[in-house]
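A.B. asks: For reference, the chains in residue letters:
Protein chains: 4
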Amino acid sequence: MRFFSDNAAPAHPRVMEAIAAANRIDTAYDGDEWSRRLDGAFSELFGTEVRAFWVTTGTAANCLALAALCPPYGSILCHRDAHIEVDEAGAPGFFTGGAKLVLLDGTGAKLTPETVAAACDRIRDDVHQVQPAALSITNATEYGLVYRAAEVAALGSLAKQRGLALHMDGARLANALASTGENIADVTWRADVDALSFGFVKNGGLNAECLVLFRTELADEIAVRRKRAGHLLSKGRYLAAQILAMLEDDLWLDNARAANATAQALADAARQRLIHPVEANEIFIRVTADEADRLRGQGFDFYDWGPGEIRFVTSWDQQAEDVDRLAAALAAP
Amino acid sequence: MRFFSDNAAPAHPRVMEAIAAANRIDTAYDGDEWSRRLDGAFSELFGTEVRAFWVTTGTAANCLALAALCPPYGSILCHRDAHIEVDEAGAPGFFTGGAKLVLLDGTGAKLTPETVAAACDRIRDDVHQVQPAALSITNATEYGLVYRAAEVAALGSLAKQRGLALHMDGARLANALASTGENIADVTWRADVDALSFGFVKNGGLNAECLVLFRTELADEIAVRRKRAGHLLSKGRYLAAQILAMLEDDLWLDNARAANATAQALADAARQRLIHPVEANEIFIRVTADEADRLRGQGFDFYDWGPGEIRFVTSWDQQAEDVDRLAAALAAP
Amino acid sequence: MRFFSDNAAPAHPRVMEAIAAANRIDTAYDGDEWSRRLDGAFSELFGTEVRAFWVTTGTAANCLALAALCPPYGSILCHRDAHIEVDEAGAPGFFTGGAKLVLLDGTGAKLTPETVAAACDRIRDDVHQVQPAALSITNATEYGLVYRAAEVAALGSLAKQRGLALHMDGARLANALASTGENIADVTWRADVDALSFGFVKNGGLNAECLVLFRTELADEIAVRRKRAGHLLSKGRYLAAQILAMLEDDLWLDNARAANATAQALADAARQRLIHPVEANEIFIRVTADEADRLRGQGFDFYDWGPGEIRFVTSWDQQAEDVDRLAAALAAP
Amino acid sequence: MRFFSDNAAPAHPRVMEAIAAANRIDTAYDGDEWSRRLDGAFSELFGTEVRAFWVTTGTAANCLALAALCPPYGSILCHRDAHIEVDEAGAPGFFTGGAKLVLLDGTGAKLTPETVAAACDRIRDDVHQVQPAALSITNATEYGLVYRAAEVAALGSLAKQRGLALHMDGARLANALASTGENIADVTWRADVDALSFGFVKNGGLNAECLVLFRTELADEIAVRRKRAGHLLSKGRYLAAQILAMLEDDLWLDNARAANATAQALADAARQRLIHPVEANEIFIRVTADEADRLRGQGFDFYDWGPGEIRFVTSWDQQAEDVDRLAAALAAP
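Chains as they are written, first to last, in numbering that gives the first Met the number 0: chain Y, 0 to 332; chain B, 0 to 332; chain U, 0 to 332; chain F, 0 to 332.
If you're looking for bench data, these hints aren't it; they were derived computationally from the structure. No experiment lies behind these values; they were computed from the predicted model shown. A portion of the hints provided could be inaccurate.
As the list claims (entries may be wrong) - Among chain B residues calculated to face chain Y with C-beta under 10 Å, some are: (1) Arg1; (2) Leu205; (3) His230.
To be verified - Sample of chain B residues lacking proximity to chain F, with all beta carbon distances greater than 10 Å (derived): (4) Asp86; (5) Arg256; (6) Asp292.
Think of the CB as a built atom: it goes at the ideal place given N, C-alpha and C, for glycine as much as any other residue.
In isolation and in its complexed conformation, chain Y is listed as follows:
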């Protein structure tokens, strides 16, 4: 029973159907009919004109965005547990040409205007120190916490005031929005987000993510950088079709709601052991080594997350009986 990553889940049947339907002759790269529909579909979703670029990984989406938002000689402020810092093999340094990540603290991997302002204030404004150019936040965070629209707006307002671009790593944005029920526009461009990595792979997609630009004037540069990084697939229609299928009838939200509901059930069962509030689809709990062994002995798969801590991640497709069993096990370990 697999609870170690939403990356392990299969693709949703409607995504598979969309791929099959796209399996016919069309123009190469992103000139096909599916790819050409992306800008419109996302502009409608966000209620403003955006430019949307399919890519195959969140790392590519994040780092293409950061390369356009931060010069090689600038820095990007982020949480010290941010995916771009701890799980992307230094990709931000590669894509930006050597820009620096400045690591901030914050409970549950969340940043606040205070910590961001303090970090900026510590940097002398001279040529000897790397000047900050961008702020990157993850929503939901690496610990499954959710930024509300007002929180993002406060960060966005500060970013603007300090001359920082704002990037959102939304690998689990669907889970965040399914959690709060807030409007996607309020959490992104209305809160001054400049570029969004919109995740689909963890949420029922096969291998398509989307980089959404609210600063549409960056689109030409992103198009070139995507190609130059080897991320312009020659048969892009299979990616675009996946994404369109995810958007259709809000499949992305339905899938996230399913994963979140499962997470809540597990959180309820493990209430006494929670390390972080469970707001999206990740559950971090305290266990002894014996308890962890026992859970594994019962057939549950999960990650160790530091000494005495384990992580469960729920997916759109989690089987009800697996969830019930795990809930029971967590309630009485």
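Assemble chains B, U and F onto chain Y, guided by the hints.
C.D. replies: This is chains B, U and F only, laid out in the frame that chain Y set:
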């Protein structure tokens, strides 16, 4: 009737089936059962121990290889019409951290030991000039010509003698081998090729290419560079499954043979107009502007290739009646 | 008797005096009184507001400028014999983060609007090909030819029209201006040059060159890039003092006139053998291997420049009797 | 009375004489007689075969070394107050092509084997996390503390065991050795240091620093990287001559002893206020804002170093009466 690129063709049904069969839970990234079979499958194919890495584009395969074979301060010798020079948006410069392409001449985009040796000889051996570190050839070439095993071996031998690593861009290696019937080992590692970009997407794949390392000691570095470039997909099983399907029962060769046969039929029809011998699946012919217009008027899609020249590319799935029509049109334009 | 490079010449006594005069306590980096006078001194010289940055090499001046004028994903058009291409160890690739040099032909290493326009026209305007962002010319050229103001203006006008920034490598700009007597403003910013590498080291300096920005809005970026490349010396006053000494009473022009006059004397003696017209301080002549040996036997130092060709470079300090001897030797070799 | 930086001090008379003596014709770049003596001079000093490269800044020395010791996809462990992190404008990222600095804690900017080992242990050994490749320490540290030979050896031994290269930023190595009286070999290569940035500019030099390689097999790469970064000066003799003058009769040690003695005098006077032990030529003390104002009012120049903290740095040339005055002022502020 589409003859402008093999990138436009659909994926082969057996590839689609393989993707569907892989649509179940498994470990993320490349820990799944399909990805773990790749090294073995390619080692068997090549008759020697190799390491194989799925990626989604030929650009990624080429440039990851070049980054491992050439330091940032070195240069890569290639033909001036090589894909890495003219169609990858400067990706070699990005992946290598600024290495230089040195552009050589040669009929039909083929290089010879003489041109390579002469290029090396022109470079002063001091710190003011960029020293060559690698040689990259494309097989079949950008003009559809094929390097025979002996030709590659001659280049490989020279490369070794000059201290150059040898990379082969095999976006259409299948077509090359289908054309000559030579052994894949003879054209690659036995000819001193160090790394091969093995193309599948133009040949019936959906979005999986493969980087094959004959110098297996580079595998760890390539694994890191792939991740760092955003090319380690989180659900790699869908790529590995495609590639395994292509290898099974030599589907890759069958598809290439089909495309080549079509190309030969067209070449026969356009014999008087051929700019290059047709050895794989590309046909370059001389036409007047009027003739080109007339062909388009008849519903044929193709690329202009400089003044008075057009290019047709054939795919594994070309419809016999389309081919007959085009052959007729070319015979009497 | 040394005629192989103007880099071998000693520093001018007034430069040495300036260094000695600067040998006292002052603020570090470029906050000292000499460095703070540079912008004003060059603004006066050019008759317009400029920003001036000392650096220690022409490579640094050239490549800092190019990095600010060309994005990592762009290209720089230059002559195939340009110093940035053949003698800077790939520094443009390093400083720009992987931008590409596109190599053009032209007699005597000079470019014309026609060759530049043709090169631009050959580049498809899509994401697969690297788009040109800058044009770099060398004045005097690597073969000692001089661009007149009208020639630069024609290139500048084309560059503007094509959206290219214009950089001038002026390692020997002093010799060029000493040759034509033209106005320095006419050959640079009035001809749409955006950034100039103004050479002093080959012309009597010790180790100070100057990057002059006519697009002053790039100054902040250049200041950061200079520091980041390790080129912000902690005791900058010794560089600034050299440059100010060179500007004072037009020492830079006097030195160049002396070197040019020597070159003319040698050119007169070798009139029948000249490969290029001698317009500045370089003389390229045809000789047999025997003749070259004989010249060396007589104690003359010079470079071989390809088979049957040798190069002499004259300096500000050349001894009259050495020049007479060499002239005699060249007249009757 | 200037106590804000040893960068502000003039060059030593013997350095000036050496420059004047080098002001004659010689071969360009590093082919001159002074440059060719460097390897030998440093090999003798260190008692082992080394390769020595002049450069003009500590940033260049540090970052050229790090680029050769750490791949673009690796990381460098250093103190969070290390000069390479806080005062080089991101140069390590630029020179390495995007490698990452991992920031460690430690009193007085010193690292210990324990903190280094713990930092390594926190890094998962997989492709998602950047693997450490090098360790960089500063001696004397940014707070004027000194690593003893045994301390460096302990770090060197750990580095070896963990597969890390060891770099020493010795901008003030002279002050460190003048402080401990230890042998220069014991503090460097015998303690497994691979590359040393040997500072001279803060210690009486004009603009020459030296990168010393104990791993001589890296010399060819460093030579190319130096050129490629624009740091191969065309008249290198003026740099080499400075360095040779500093080595002659241990001028470098004498100068450092003078600066250290001054620092001790000030430390004695400010004993109650010291933030760090004074082991080299830097004094950090606690003052109120009023006290700082009063000191400035008396004509003393120094840096603020955070709230309630100020820094004095002493130089080889400090005037005895200035020192007496400052000591008096510090004793009774």
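A.B. asks: Tell me, in ascending order, the numbers of any earlier hints that this structure violates.
C.D. replies: Violated: none.
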